[in-house]
Amino acid sequence: MIHSTVHENEITVIRPGVERLTAVNAKAFKDDVAGLIDAGAGMLVIDFSQTSFLDSSGLGALAGILKKIGHRGELVVCGLNPDVSQMFKICRMDRVFTIYQDEAAALQALSEKA
Amino acid sequence: MSQLLDVIVAEDNIVQSAYLARLIENLGYRALTVEDGKAALDLVQDSGAQILISDYQMPYLNGVELTQAIRDLDLDHYVHVILITGMDEDEIRSNALAAGADDFLPKGHNPTALKARLRAATRLVQHSKQLAEQHRILKEANDRINDDLNAAANAQRQLLPDIHTEVLGTQIASAFVPSAVVSGDMFGCFPLTDTLIGFYAVDVSGHGIHASLLSVAIGHLITPDFFARVVLKGQEQPAPANLARDLNARFSRSENDDYFTMFCGVLNSQTGRLDFCQAAYPSPVYIGPHGNAQTVGDGGFPIGMFPDLTYENDHMTFDKGGLLVLCSDAAHEAENTQNQAFGSERLEKVIKTSHRIETDGIPEKIVEALSVWRDRIPLEDDLTVVAFRRT
Numbered sequence: 181m182i183h184s185t186v187h188e189n190e191i192t193v194i195r196p197g198v199e200r201l202t203a204v205n206a207k208a209f210k211d212d213v214a215g216l217i218d219a220g221a222g223m224l225v226i227d228f229s230q231t232s233f234l235d236s237s238g239l240g241a242l243a244g245i246l247k248k249i250g251h252r253g254e255l256v257v258c259g260l261n262p263d264v265s266q267m268f269k270i271c272r273m274d275r276v277f278t279i280y281q282d283e284a285a286a287l288q289a290l291s292e293k294a
Numbered sequence: 004m005s006q007l008l009d010v011i012v013a014e015d016n017i018v019q020s021a022y023l024a025r026l027i028e029n030l031g032y033r034a035l036t037v038e039d040g041k042a043a044l045d046l047v048q049d050s051g052a053q054i055l056i057s058d059y060q061m062p063y064l065n066g067v068e069l070t071q072a073i074r075d076l077d078l079d080h081y082v083h084v085i086l087i088t089g090m091d092e093d094e095i096r097s098n099a100l101a102a103g104a105d106d107f108l109p110k111g112h113n114p115t116a117l118k119a120r121l122r123a124a125t126r127l128v129q130h131s132k133q134l135a136e137q138h139r140i141l142k143e144a145n146d147r148i149n150d151d152l153n154a155a156a157n158a159q160r161q162l163l164p165d166i167h168t169e170v171l172g173t174q175i176a177s178a179f180v181p182s183a184v185v186s187g188d189m190f191g192c193f194p195l196t197d198t199l200i201g202f203y204a205v206d207v208s209g210h211g212i213h214a215s216l217l218s219v220a221i222g223h224l225i226t227p228d229f230f231a232r233v234v235l236k237g238q239e240q241p242a243p244a245n246l247a248r249d250l251n252a253r254f255s256r257s258e259n260d261d262y263f264t265m266f267c268g269v270l271n272s273q274t275g276r277l278d279f280c281q282a283a284y285p286s287p288v289y290i291g292p293h294g295n296a297q298t299v300g301d302g303g304f305p306i307g308m309f310p311d312l313t314y315e316n317d318h319m320t321f322d323k324g325g326l327l328v329l330c331s332d333a334a335h336e337a338e339n340t341q342n343q344a345f346g347s348e349r350l351e352k353v354i355k356t357s358h359r360i361e362t363d364g365i366p367e368k369i370v371e372a373l374s375v376w377r378d379r380i381p382l383e384d385d386l387t388v389v390a391f392r393r394t
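Just so you know, the sequences run in chain order A and B. Each position in the first sequence, counted from 1, maps to that position plus 180 in the numbering used here. Each position in the second sequence, counted from 1, maps to that position plus 3 in the numbering used here.
Check each hint, because a few of them may be wrong.
Chain B is faced by these chain A residues, among others (derived, beta-carbon under 10 Å) [what the hints assert, rightly or not]:
id, residue
1, Val198
2, Arg200
3, Leu216
4, Ser237
5, Ala241
6, Ala243
Non-contacting residues of chain A with respect to chain B, defined by C-beta distances greater than 10 Å in every case (computed) [claimed, not checked]:
id, residue
7, Val193
8, Arg195
9, Val256
10, Val276
11, Ala289
Only pairs whose alpha carbons sit at most 27 Å apart, straight line, appear in this in silico DSS-like list of lysine-lysine [as the list claims (entries may be wrong)]:
id, chain 1, residue 1, chain 2, residue 2
12, B, Lys118, B, Lys142
13, A, Lys293, A, Lys248
14, A, Lys269, A, Lys293
15, A, Lys269, B, Lys355
16, B, Lys41, A, Lys269
17, A, Lys269, A, Lys207
For the record, the hints were derived by calculation from the structure and aren't laboratory data. Ideal Cβ positions, reconstructed from N, Cα and C, are used throughout, including at glycine.
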C-alpha cells in the first residue's frame with residue numbers, strides 16, 4: 181500500500197498511501213516499511229501530507245518502525261496537518277520524532293547529515 | 004456411499020411410476036413413489052429426501068407449482084428437483100427454471116439420461132451435505148468463542164466500579180461502551196486514605212480482544228494498595244507520575260507495538276487539590292462551579308511505547324461544585340457520516356452544557372450526543388466517559 185521513492189544519498193521517501201492510517205491498515209503499513217528497512221533502507225522520510233488522520237494504532241505502527249530502525253539509520257516525518265500535529269503534541273511524539281514541514285525540508289536536512 | 008439416497012418419484016401414472024422406480028432402484032437408490040403434487044410436497048418435508056423427480060401433469064399441484072412450493076418451504080437442506088418434460092416444451096421449462104427447478108428429464112424414461120441426471124444430483128447433494136457439516140462445525144466453534152467472549156466481557160465489567168458511586172464525598176458517574184464485546188479501556192477509582200481519592204483511566208491502542216487482554220491485565224494490576232504504594236509512599240504530595248513510570252517500566256519491555264494512554268490522579272477531598280499525570284490520554288475538561296471551562300493538562304508520553312521516558316506530575320484546584328469529565332479518544336475521534344470528527348470543541352461544549360444536570364446523567368448525555376452525531380451507527384473504538392463532581 182505504501183509508495184516509496186529513493187532520492188539522492190539513498191534517502192527513501194515513503195507515503196503511507198492511505199488517507200487514514202488506523203487499526204484497519206496500520207499493520208500492513210508497518211510490515212511494508214519494515215520490508216524496506218530489511219532490504220537495506222536506512223534513511224527514511226515518512227511524508228504524511230496525503231494522510232489526514234492517524235489513530236492510536238497508526239501511531240503505534242510508526243513507533244514500531246522507529247524502534248526497528250533504531251541506531252541503524254534515521255527516520256523523520258513531514259507534512260503533518262494541524263490535527264495530526266496536535267495529536268503528536270499531546271502524546272509528546274514531537275520529542276520522539278524529528279518533524280519537518282515538508283518533503284523538501286526533510287530531504288535537505290537528511291542530505292546534510294548523509 | 005454408505006447409505007442409499009432417497010429419490011422421490013412424483014408420477015400419477017402408476018405404470019410409468021413403477022417403471023421409473025425400478026430403474027432408479029437398479030441404479031442403487033431407494034425410490035419413494037407418490038401419485039400427486041400435494042403428496043410429493045408432504046413427502047419432501049417428512050422424508051428429508053434431497054432428490055425429487057416429478058412429472059409435469061399431476062393432480063393438485065403440477066410439477067412447476069410443486070417446485071415453487073418446495074422452494075417456498077425454505078428448508079435447511081437443499082432439494083434437487085428434476086422435472087420430466089417434453090424436449091419442445093420451452094415455456095414449461097422456462098417457468099420451471101424460474102420456479103427453481105434444477106434439471107429436466109425427457110419423457111420416455113431413457114435409462115442413460117436418468118443415470119446421468121441422478122449422478123449429477125448425487126454430486127450436488129453430497130456437496131451440500133459437506134457444506135452443511137462444515138457450516139455446523141464453524142457455527143459450533145463460533146458459538147463457543149462468543150460464549151467465551153461474553154464471559155470475558157462480564158469478567159471485565161466486574162473489574163469496573165459501579166457506574167454511579169460516591170467516594171469520600173465526590174460523586175463519580177461513568178459510561179463504558181465497548182466497540183466489540185470486550186473493551187481496551189479500563190477505569191478505576193477508590194479511596195487511598197481517609198481524605199485521598201485515587202483514580203485512573205486507561206485506553207489501550209487498538210481495540211477488540213487483543214487490546215482487552217492488556218486492559219484487563221492493567222485493571223488487575225492497579226489495586227488500591229498498589230496505587231497507594233506507588234503514588235503516595237515516601238512522597239510529600241501524591242505523585243501520580245510514579246504510576247505512569249512504574250507501568251511504563253513493566254509494559255515497555257515487550258517487542259510488540261502495544262501501548263496505552265492513561266490519565267491518573269489523586270484528589271484531596273478536603274482541600275480540593277488534584278494531583279494528576281497525563282500520559283497521552285486526551286485532556287479532561289474541568290467546569291468550575293460558575294460554569295467556566297478549561298482543559299486539563301498539556302500532554303505526556305504514552306505508556307509501554309518506549310522505555311525510560313519521563314512522566315510529569317501536575318496539579319490543579321478542584322473546587323466544590325466543580326465538574327471534571329474524562330473521555331477516551333473514541334469521543335474526540337467519533338466521525339459522522341460525512342467523515343467529520345466530533346472533536347474537542349464540540350465535546351467541551353456538550354460537557355459545558357451538562358454542567359448543571361445531575362452528575363449521574365452526564366456520561367449518558369455525552370454518549371447520546373455522540374450517538375446522534377453518528378446517526379446511531381455504533382462507535383468504532385471503545386468509549387469511556389467518567390464524570391467527577393466535588394460536593
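Right, here's what the structure says about each hint:
Hint status for Val198/A relative to chain B: violated, with the closest Cβ pair at about 13 Å, above 10 Å. Against a cut-off of 10 Å between C-beta atoms, the interface hint on Arg200/A holds, since the closest Cβ of chain B lies about 9 Å away. Below 10 Å, beta-carbon pairs count as interface contacts, and Leu216/A has none with chain B, the closest being about 17 Å; its hint is therefore violated. About 5 Å separates the beta-carbon of Ser237/A from the nearest beta-carbon of chain B, less than 10 Å, and the hint is met.
Given hint, Ala241/A at the interface with chain B, holds; its Cβ is 6 Å from that chain's nearest Cβ, closer than 10 Å. For Ala243/A, the suggested interface contact is upheld, since its CB lies about 5 Å from the closest CB of chain B, less than 10 Å. Distance check on Val193/A: its Cβ is at least 23 Å (rounded) from any Cβ of chain B, clearing the 10 Å threshold; non-interface status holds. Taking the minimum C-beta to C-beta distance to chain B, about 20 Å, the non-interface status of Arg195/A holds against the 10 Å cut.
Even its closest Cβ contact with chain B, about 17 Å, leaves Val256/A beyond 10 Å, as expected for a residue assigned away from the interface. Against chain B, the non-interface label of Val276/A is violated: not every CB pair exceeds 10 Å, the least being about 7 Å. No Cβ of chain B comes within 10 Å of the Cβ of Ala289/A; the nearest lies about 22 Å off, and the non-interface call holds. At most 27 Å may separate the alpha-carbon atoms for a hinted pair to count; Lys118/B and Lys142/B exceed this at roughly 36 Å.
Among the hinted pairs, Lys293/A with Lys248/A is consistent with the structure: their alpha-carbon atoms are about 20 Å apart, no more than 27 Å. Distance hint between Lys269/A and Lys293/A is fulfilled; the C-alpha atoms sit about 25 Å from each other, no more than 27 Å. Distance restraint check for Lys269/A and Lys355/B: the Cα-Cα separation of roughly 25 Å lies within the 27 Å cut-off, and the hinted pair is therefore satisfied. With a CA separation close to 75 Å, the supplied pair Lys41/B and Lys269/A exceeds the 27 Å bound.
Distance hint between Lys269/A and Lys207/A is fulfilled; the C-alpha atoms sit about 23 Å from each other, no more than 27 Å.
The earlier numbered hints that this structure contradicts are 1, 3, 10, 12, 16.
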